[in-house]
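Asks: Top to bottom, those sequences are chains A and B. The numbering of the first sequence is numbering that gives the first Met the number 0, which starts it at 0 and goes up by one. The numbering of the second sequence is numbering that gives the first Met the number 0, which starts it at 0 and goes up by one.
None of these hints come from the bench; they were simulated from the model. All values derive from a computational prediction rather than experimental measurement. Positions of the beta carbon are idealized from the N, C-alpha and C atoms, including for glycine. Treat the hints with care, since some could be wrong.
To be verified - Label-pair ranges, simulated between beta-carbon atoms:
(1) B:Arg261 <-> A:Ala373: 23 to 31 Å
(2) B:Leu296 <-> A:Ala373: 53 to 61 Å
(3) B:Asp361 <-> A:Asp7: 47 to 55 Å
Claimed, not checked - Some chain B residues close to chain A (C-beta under 7 Å, calculated; not the full set):
(4) Ile204
(5) His208
(6) Glu272
As the list claims (entries may be wrong) - Simulated coverage check for chain A against chain B, where a stretch passes if three residues somewhere in it have a Cβ under 8 Å from a Cβ of chain B:
(7) 128 to 137
(8) 199 to 206
(9) 252 to 261
(10) 346 to 357
One-letter residues, chain by chain:
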Amino acid sequence: MDFEYSDDQSLLKDSVDRFIQNNYGFEQRRKLVATDEGYSDKNWSQFAELGWLGMPFPEQYGGFGGTPVETMIVMEAFGTGLVAEPYLPTVVLGGGAILHGGSEEQKQAILPAVAEGKLKLALAFAERQSRYNLADVETSAKKDGGSYVLNGMKGVVFGAPSADKIIVVARTSGQSRDADGISLFLVDKDAQGLRVRGYPTADGLRAGEVYLDNVKVGADALVGEEGKGLPLLEKVIDHGIAAISAEAVGAMKALNDMTLEYLKTREQFGQPIGRFQVLQHRMVDMFIAHEEAKSMAMMAAMRVDEADETERKKAMSAAKVQIGKSARYVGQQGIQLHGGIGMTDEYAAGHYFKRLTMIDRSFGDTDFHLKRFADL
Amino acid sequence: MDLRFTPEEQAFRKEVREWVAANLPRDIKEKVDRGIELTCDDFSRWMRILSERGWIATNWPKEAGGPGLNIAQKYILEEEIFLGGAPRTVHFGTRMVGPVLLRYGTEEQKKKYLPKILTSEEIWCQGYSEPGAGSDLASLKTSAVRDGDHYVVNGTKIWTSYAHCADRMFALVRTSVEPKKQDGITVLLIDLKLPGLTVRPIITIDGRHHFNQEFFDNVRVPVEDRVGEEGQGWAIAKYLLGHERSNGSGVSMIKWRATKLREMASKERADGERLENEPAFRRKIAELESDLRALELTSLRVLASASADKPIGPEASVLKFRMACMQQAVTELMMEAGAYYAHPLDREALRGQSNAEQVGPDYQFRMAPEYFQMRGTSIAGGSNEIQKNIIAKRVLGL
């Protein structure tokens with residue numbers, strides 16, 4: 000058993016932490032998310048130069064050959080700065096789908112371009128009615144000779160506005176919610192009949208509704224086997240869970256640090272409010288919530304490549320349940336202990352709270368994962 | 000003991016319901032329904048409509064222009080107004096200034112201010128908190144120094160709800176520094192158009208504009224706008240606490256939200272079924288509704304125990320605390336109901352400033368923004384921690 004980072008991992012952590020310190024001050028981030036794109040191309044190029052965009056890809060595809068622990072290190076640091084660049088959609092979800100399910104040609108065409116920062120991706124899996132059920136797919140893909148025709152609508156696609164290519168989850172056969180019959184397609188954003196209605200999200204990031212109206216793609220657009228896409232999608236989303244768990248841990252740490260500092264400096268009734276025992280205990284509970292979340296995020300990173308599918312799913316669901324509980328507590332109490340200032344848009348605490356809240360609404364909330372854990 | 004309403008009270012309920020349906024402007028109702036930010040003009044229009052019907056100052060005695068309703072009627076009125084889809088009102092004039100002037104004001108002050116509160120011609124805000132005086136309100140520093148027939152006011156007030164819509168402020172200021180900080184506080188009525196006074200908007204994490212900060216730079220307030228004596232401010236503020244914490248509107252608003260939650264749960268789908276039939280969510284709604292009954296009954300018990308000569312005591316803190324919890328619980332469930340559709344949030348559309356294509360359900364803005372905003376209910380108007388301190392000290396004697 001070993002909970003320590005290797006030397007290379009420590010160097011990676013230093014480098015991401017330094018980037019956040021230098022480029023992700025709260026005011027810098029505020030300006031960034033207020034722009035139309037909501038992120039910075041300059042930062043993106045820097046991610047590419049530092050090797051983060053190819054972190055989980057094998058070296059033969061221009062990647063770094065990192066394990067999920069490297070992704071955890073990057074995402075945790077991104078959480079402390081509330082990084083707005085579409086790293087999760089591009090590298091973890093889109094890149095993950097190609098990495099875990101793509102053909103050799105697709106890997107060669109996509110992964111090096113992602114690693115170099117030339118190509119952004121998104122994974123369109125959710126739909127208006129689907130909630131967190133990955134098999135609840137109504138968007139259809141009908142075979143038409145050597146190609147497929149896609150119709151339907153994908154909802155709340157993270158990173159859709161900035162993506163060059165979108166991996167669309169569609170049904171090639173069967174009924175809504177059947178485990179069989181789900182397929183993934185790599186579609187150009189400017190494909191005829193595809194339209195993205197982009198929007199900001201409650202945590203300041205970007206997502207979009209993706210409308211597909213007779214979008215024709217070739218057989219080479221299929222990612223993985225036709226009709227057998229669900230296990231691939233589940234695996235990719237489990238990687239997403241491991242990644243945002245780490246992000247949440249970073250955000251919790253930042254919010255806890257900020258709250259602790261506030262308790263020590265804010266004076267009411269002639270003393271720092273941190274002298275009041277009721278607030279001390281609250282802060283201790285927040286500290287414990289972060290520690291437990293950190294343990295589970297580490298576990299998630301170490302188990303997400305687990306070959307036994309059931310074990311992997313149980314581990315990711317357990318992690319997401321803990322992240323959900325901890326994020327909710329730390330987020331809510333972080334605001335409460337700050338008082339009015341925590342409620343304002345011009346102060347950082349509220350932005351951490353919002354991201355933490357939205358992480359619980361991503362890839363399944365606490366109720367969803369409790370049920371999945373129990374059913375496995 | 001009897002929980003039933005009398006036939007007269009039931010008739011009154013019907014009357015209010017029909018009146019709200021007929022008189023609440025459609026555009027305002029739609030905004031409330033969708034969670035879109037209301038403009039000052041929206042608030043003012045609705046308040047004037049309530050004024051014309053005589054239902055704005057429900058807490059005032061009949062001889063002062065109140066509608067002369069009993070406790071049950073007041074409760075019914077508030078409930079039907081909210082369940083009918085009306086917005087809250089900017090109620091500092093009726094809830095604070097009215098009761099204070101009736102008790103402590105001069106005849107001139109009553110004549111000058113009360114009629115325009117009754118007609119909703121003038122909207123008031125409350126100038127209490129300061130950057131350094133939140134939970135420890137008595138440590139406030141905004142100073143008022145006497146200069147002939149005026150007080151010269153310097154300092155700043157913060158978290159002032161709807162100051163951007165208000166004409167006047169009911170403010171606590173410091174007229175002298177005394178060994179005991181509660182002494183030396185005075186109430187001034189301040190015209191927000193006076194020279195030297197600026198109002199800065201504070202946008203909250205829900206993306207809307209509810210709060211403001213005001214800066215006073217040698218603002219000259221006429222001495223006749225002082226309420227009571229110099230140094231009497233703390234006693235007046237305490238007198239008001241009972242009024243502020245005892246209104247039933249919190250419960251009605253939660254009830255309205257609970258009906259909206261049920262609507263959402265019947266529209267949202269989980270595994271092809273209605274979300275309201277999903278066992279975990281179904282249980283959560285049941286728990287919310289059962290908690291809501293406990294709050295409502297407790298609230299009615301407290302209201303029923305009060306009378307003119309025996310105002311509501313520190314027990315009101317129980318209601319303030321539980322209302323904050325319930326506002327937060329119901330909005331959190333609304334957000335949970337939306338799942339992925341809690342994410343999209345176009346701030347311009349939220350503020351009614353965009354005609355962009357709708358994303359997701361038409362109750363989009365009732366999810367994340369309402370949940371974010373309601374985190375403030377356990378902070379504003381005395382935090383949950385302060386309410387519990389009050390109960391511990393003044394009710395339990397700890």
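Asks: Next, verify each hint and record whether it holds.
Replies: Hints and how they fare:
no., hint, in the structure
1, B:Arg261 <-> A:Ala373: 23 to 31 Å, "26 Å, holds"
2, B:Leu296 <-> A:Ala373: 53 to 61 Å, "35 Å, violated"
3, B:Asp361 <-> A:Asp7: 47 to 55 Å, "51 Å, holds"
4, Ile204, "4 Å, holds"
5, His208, "10 Å, violated"
6, Glu272, "10 Å, violated"
7, 128 to 137, "holds (count 6)"
8, 199 to 206, "holds (count 5)"
9, 252 to 261, "violated (count 0)"
10, 346 to 357, "holds (count 6)"
When held up to the earlier numbered hints, the structure conflicts with 2, 5, 6 and 9 and fits the remainder.
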